[in-house]
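A.B. asks: Model the full structure from these sequences, guided by the hints.
Here the protein sequences come in this chain order: A and B. Note that the first sequence covers residues 1 to 111 in our numbering. Note that the second sequence covers residues 1 to 114 in our numbering.
No lab work stands behind these hints, which were simulated from the structure alone. Only a predicted model underlies this, so the values are computations on that prediction, with no experimental measurement involved. Don't take each hint at face value.
Unchecked claim - Just so you have them, the derived chain B footprint on chain A, three or more residues with Cβ under 8 angstroms: (1) 17-30; (2) 45-53; (3) 98-105.
Claimed, not checked - Over 10 angstroms on every C-beta distance to chain B, these chain A residues come out as not near it, computed from the model: (4) Ser9; (5) Asn13; (6) Ser41; (7) Gln42; (8) Ser61; (9) Ala63; (10) Ile64; (11) Glu66; (12) Arg77; (13) Ala78; (14) Asp82; (15) Val91; (16) Thr93.
Glycine is no exception: its CB is placed at the ideal position from the N, C-alpha and C atoms.
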Amino acid sequence: DAKTTQPNSMESNEEEPVHLPCNHSTISGTDYIHWYRQLPSQGPEYVIHGLTSNVNNRMASLAIAEDRKSSTLILHRATLRDAAVYYCILVRTSGTYKYIFGTGTRLKVLA
Amino acid sequence: ETGVTQSPTHLIKTRGQQVTLRCSSQSGHNTVSWYQQALGQGPQFIFQYYREEENGRGNFPPRFSGLQFPNYSSELNVNALELDDSALYLCASSLQRGGTDTQYFGPGTRLTVL
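C.D. replies: In structure tokens, the structure reads:
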């Protein structure tokens, strides 16, 4: 079955860029890559998604490897409010839908 | 615009009992998904409903069942509760199904099974 693998935790200094990696070597051709983040005592919050090409939005950028077996979420300037658990998710749309969450990376931002 | 709401916020049950959790989707959203999040773990996909039909299911036994109503609110039912069912149950709604949909999550229901 498909899965995603992420580092358990990462640290960053405030105002510096952060690169959060995710491996998804078993990704299928029609699986989308989503990223969500979860603050303490809250439900996850959407960050960004993509299929094959790199994507940018106001929150972050998503870089997807050419073979799609890995991706990287980029926060351009980390702030203290970005401290959260970041989840890389495969969204399987062929056949019955499935959302495959990774174990998440806890990001700590240092002032 | 009202966000996704869930009830109750907390619940305590004993092993073998049955439980019903409720979710009210964001206005206009016709797709709802349910997740189980054990302490310290990532959410695990239980199932998704699109326009009152089950649209996808994760690796959960049949004692986990659901309903979506015409107003797109939803219920998660769990029968024969086990200790391992203790978790945060999250509901998420979206405008449409598919790989490009953005899910909006509720705050969750914390279920404790004794």
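A.B. asks: Verify that the Cβ of Asn13 of chain A lies farther than 10 angstroms from every Cβ atom of chain B, and report whether the claim holds or is violated.
C.D. replies: About 26 angstroms separates Asn13 of chain A from the closest Cβ of chain B, which puts it past 10 angstroms; holds.
A.B. asks: Non-interface claim for Ala78 of chain A: all C-beta distances to chain B beyond 10 angstroms?
C.D. replies: 21 angstroms, holds
A.B. asks: Please verify the coverage claim for the stretch 17-30 of chain A: does it have three or more residues whose C-beta sits within 8 angstroms of some C-beta in chain B?
C.D. replies: violated (count 1)
A.B. asks: Using Cβ atoms and 10 angstroms as the threshold, tell me whether Gln42 of chain A really stays out of contact range of chain B.
C.D. replies: For Gln42 of chain A, whose nearest Cβ neighbour in chain B is about 6 angstroms away, the distance does not exceed 10 angstroms, so it is violated.
A.B. asks: Does the no-contact call for Ala63 of chain A survive, Cβ to all of chain B over 10 angstroms?
C.D. replies: 18 angstroms, holds
A.B. asks: A cut-off of 10 angstroms on Cβ-Cβ distance, and Glu66 of chain A was said to be off the interface with chain B. Does that hold?
C.D. replies: Its Cβ never comes within 10 angstroms of chain B, the nearest being 19 angstroms, so this holds.
A.B. asks: Holds or violated: is the Cβ of Val91 of chain A farther than 10 angstroms from all Cβ atoms of chain B?
C.D. replies: 5 angstroms, violated
A.B. asks: Using C-beta distances, would you say chain B covers the stretch 45-53 of chain A, given that this needs three or more residues below 8 angstroms?
C.D. replies: Coverage by chain B holds for the stretch 45-53 of chain A (4 residues, Cβ < 8 angstroms).
A.B. asks: Can we confirm that no CB of chain B comes within 10 angstroms of the CB of Arg77 of chain A?
C.D. replies: 23 angstroms, holds
A.B. asks: Beyond 10 angstroms from every Cβ of chain B: is that where the Cβ of Ser41 of chain A lies?
C.D. replies: 8 angstroms, violated
A.B. asks: Hey, does Ile64 of chain A actually stay past 10 angstroms from chain B on C-beta?
C.D. replies: About 13 angstroms separates Ile64 of chain A from the closest Cβ of chain B, which puts it past 10 angstroms; holds.
A.B. asks: Non-interface claim for Asp82 of chain A: all C-beta distances to chain B beyond 10 angstroms?
C.D. replies: 18 angstroms, holds
Hint compliance for this structure: hints 1, 6, 7, 15, 16 are broken, all remaining hints hold.
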